[in-house]
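Protein chains in written order, with my numbering: chain A, 1 to 396; chain B, 397 to 651.
It is possible that some hints are incorrect.
Stated by the list, open to error - Among chain A residues calculated to face chain B with C-beta under 7 Å, some are:
{"no.": "1", "residue": "71"}
{"no.": "2", "residue": "75"}
{"no.": "3", "residue": "79"}
{"no.": "4", "residue": "81"}
{"no.": "5", "residue": "84"}
{"no.": "6", "residue": "104"}
{"no.": "7", "residue": "134"}
{"no.": "8", "residue": "135"}
{"no.": "9", "residue": "140"}
{"no.": "10", "residue": "293"}
{"no.": "11", "residue": "300"}
{"no.": "12", "residue": "301"}
Hints were generated in silico from the structure; no laboratory data involved. Where is the CB? At the ideal position from N, CA and C, for every residue including glycine.
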Amino acid sequence: MRVYHFSEHPYPNAWDDPHGYLRVDLPNRALDPKIAADLFHRYHDEYLLADELGLDLMLNEHHQTATCMNATSIVSLSIMARQSKRARILILGYPIGHRSDPMRAAEELAMIDVISRGRLEMGFVKGVPYEFAPSNANPVGVMDRFWEAHDLIIKAMTTHDGPFNWEGEHFHYRQANLWPRPWQQPHPPVWSTTASKSNARVLGERGYVIAVLGSGYNTRMLYDSYREGYASTHNGALPGPDRFAYLALFATAHNETEARQRGELVAGYLRTGANVYPPFKSPPGYFSVDDTARLMRGFTPERSFTKDRRVVDMRTASVQDLIDSVLMVCGTPDQCYQQITEFIEYTGGLGNLLIMAQAGFLTHADTVDSLTLMAKEILPRLKEYKQPVAAAIAAA
Amino acid sequence: MTVNGIGLEVVEKGRGRPLLFLHPGIGLDPNAPVIDKLAEQARVIAPSHPGFGNSEQPKAFTTVDDLAYFYLDLLEELDLKDIVLVGVSFGGWIAAEIAVKSTARLSHLVLANAVGIKVGARDTRDIVDIFAITEPELNKLAYFDPKLAERDYKAMAEADVRVIARNREASARYGWSPYMHDPKLKSRLHRIRIPTLFLWGGADRILSEDYGRAYCAAIPGAHFETIARAGHYPHIEAPDAFARAIFAFTQGQAK
Numbered sequence: 001m002r003v004y005h006f007s008e009h010p011y012p013n014a015w016d017d018p019h020g021y022l023r024v025d026l027p028n029r030a031l032d033p034k035i036a037a038d039l040f041h042r043y044h045d046e047y048l049l050a051d052e053l054g055l056d057l058m059l060n061e062h063h064q065t066a067t068c069m070n071a072t073s074i075v076s077l078s079i080m081a082r083q084s085k086r087a088r089i090l091i092l093g094y095p096i097g098h099r100s101d102p103m104r105a106a107e108e109l110a111m112i113d114v115i116s117r118g119r120l121e122m123g124f125v126k127g128v129p130y131e132f133a134p135s136n137a138n139p140v141g142v143m144d145r146f147w148e149a150h151d152l153i154i155k156a157m158t159t160h161d162g163p164f165n166w167e168g169e170h171f172h173y174r175q176a177n178l179w180p181r182p183w184q185q186p187h188p189p190v191w192s193t194t195a196s197k198s199n200a201r202v203l204g205e206r207g208y209v210i211a212v213l214g215s216g217y218n219t220r221m222l223y224d225s226y227r228e229g230y231a232s233t234h235n236g237a238l239p240g241p242d243r244f245a246y247l248a249l250f251a252t253a254h255n256e257t258e259a260r261q262r263g264e265l266v267a268g269y270l271r272t273g274a275n276v277y278p279p280f281k282s283p284p285g286y287f288s289v290d291d292t293a294r295l296m297r298g299f300t301p302e303r304s305f306t307k308d309r310r311v312v313d314m315r316t317a318s319v320q321d322l323i324d325s326v327l328m329v330c331g332t333p334d335q336c337y338q339q340i341t342e343f344i345e346y347t348g349g350l351g352n353l354l355i356m357a358q359a360g361f362l363t364h365a366d367t368v369d370s371l372t373l374m375a376k377e378i379l380p381r382l383k384e385y386k387q388p389v390a391a392a393i394a395a396a
Numbered sequence: 397m398t399v400n401g402i403g404l405e406v407v408e409k410g411r412g413r414p415l416l417f418l419h420p421g422i423g424l425d426p427n428a429p430v431i432d433k434l435a436e437q438a439r440v441i442a443p444s445h446p447g448f449g450n451s452e453q454p455k456a457f458t459t460v461d462d463l464a465y466f467y468l469d470l471l472e473e474l475d476l477k478d479i480v481l482v483g484v485s486f487g488g489w490i491a492a493e494i495a496v497k498s499t500a501r502l503s504h505l506v507l508a509n510a511v512g513i514k515v516g517a518r519d520t521r522d523i524v525d526i527f528a529i530t531e532p533e534l535n536k537l538a539y540f541d542p543k544l545a546e547r548d549y550k551a552m553a554e555a556d557v558r559v560i561a562r563n564r565e566a567s568a569r570y571g572w573s574p575y576m577h578d579p580k581l582k583s584r585l586h587r588i589r590i591p592t593l594f595l596w597g598g599a600d601r602i603l604s605e606d607y608g609r610a611y612c613a614a615i616p617g618a619h620f621e622t623i624a625r626a627g628h629y630p631h632i633e634a635p636d637a638f639a640r641a642i643f644a645f646t647q648g649q650a651k
């Protein structure tokens, strides 16, 4: 069992800007570079502490937003590759659906893998809807571009007698030859996120790590689609728990009251994350025509479920609702352990827990305390905990 | 209708000289009054572009160039001659791309509130970013009377809402970047040597009249006329004036 520490590197000082929206069109005069520098240093210190404590590290990127200052995850990954000592370093994800230069992405990732001496976990994503305005990449056909970029990056990492030629539908290189090549062979482990059963199956067929967020007690169907896909390409064998990841917000403390107070602050992430001018939320072609038509007719898909099948709106939910739907793990270390293992039993096996242990206005001291408790009082028990074995996927 | 193996939804109405009507990005309403007005004096052929309406989207089609060559094939397939080619907004862009390639089968070109070229400085936006504003905001900029565009999606048939979603997706497929223009087109417009009319809904705030006049100036001998009480879609807001202006132009001016 691995537990990854994660922070979006928020700039919460701009969250009450009267402009109203936090992503895409919030003028950057709302950011004070001196405050930003202090925050970056502080977040990096927390990551390095997590490394010392035996946790692993997850980073991501978002663009033109006060919710996440990591405008290119490569910068923070690079710092971690050099400064951390032992942790796995997960990028989840690198938005190759809207990056224009996949060879450059392969070079960056290979360098990070080499500098960290083989500690990179390589998560690829297509990119969230509101980042097709910042990148100007066409949201129409993004999955085609995602897979071509993926194929090219993997080929670049696994070709050792280059240069090779690539003249695809979207990307063109006549002398592709990756230097340095990655430390891990044949390439760093690949992860991706999904909320759809069909994509989950594809990830299973490829044996990549599937990461899911926001679905709570509706996650099993995604994992089972993954298991079906995996079994179809692995002679019927089922994947181990190390192929599954789940992201939850996280707050613990020595007593429940304090943990809940921290949980309230961490929940600021969910309460602000969707604060985007509506046209940027569903760019044309990002969702299928059928899904777009349903959205236009006012139907929003139900996403986050509690164990008793209640639907939770993550933007407005109370901490209790967030706990019930496993959008957040929160409480004393004992309570957190119970919440985590109960969820793992439900999923049929889950080897990677991704915890957003810092978000919003949660202070450095609280973050340090929460991470320390996780590492000293929860993680050792999770490492001893015997994962369930998903026997049947027929119910999927 | 099938052209090059691509299934095409087409409205055909009227008799006489062929008039190919190329719709804007919002698609074509088959019952639009403008079709009847034009059909009074011409054989109107009004297709939904590949990817729009209920026309097929070929995977390989990604640019307006693809659409322009496709329509040249359609003109050959139907063996049409002496055609009046009319395009509104995005359809005007396609029409201009067709005309720079070949005017052999065309007699007249009419571009109404057309997009397709870059006029201003690189840090000046010529064309409102329609994907970055809400629908009510867009309608206020596009229409002289925005009430005309009000729709209740919840009350509409699902198939009709799908078509609207499809039109929006296709507009982005062809026009996301470079945004609603082809950087090469302006320097090729001099090749259009048939009588050309710019019709401009004067209340358009998606495009400025200066943009239209600059476009017009790039086509040798092209005329520019404004249509009152109409915005970006003069064929919808002023179908009579729109049809009248076209026929006054085509009848008053031989090839």
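The hints, checked one at a time:
1. 71: Cβ of residue 71 of chain A sits 20 Å from chain B, so the hint is violated.
2. 75: Since chain B brings no Cβ nearer than about 26 Å to residue 75 of chain A, farther than 7 Å, the hint is violated.
3. 79: violated (32 Å)
4. 81: Violated, because the Cβ-Cβ distance from residue 81 of chain A to chain B comes to roughly 33 Å (cut-off 7 Å).
5. 84: For residue 84 of chain A, the interface hint is violated, since the closest Cβ of chain B sits about 38 Å away, which is over 7 Å.
6. 104: Nearest chain B Cβ about 19 Å off; hint violated.
7. 134: Hint violated; residue 134 of chain A Cβ to chain B Cβ min 11 Å, cut 7 Å.
8. 135: Violated: closest Cβ of chain B sits about 10 Å from residue 135 of chain A, beyond 7 Å.
9. 140: At 4 Å from the nearest chain B Cβ, residue 140 of chain A passes the 7 Å test, so the hint holds.
10. 293: This interface hint holds because 4 Å falls under the 7 Å limit.
11. 300: It is violated, given that the least Cβ distance between residue 300 of chain A and chain B is near 13 Å, above 7 Å.
12. 301: Result: violated, 15 Å to nearest chain B Cβ.
When each numbered hint is compared with the structure, violations occur for hints 1, 2, 3, 4, 5, 6, 7, 8, 11, 12.
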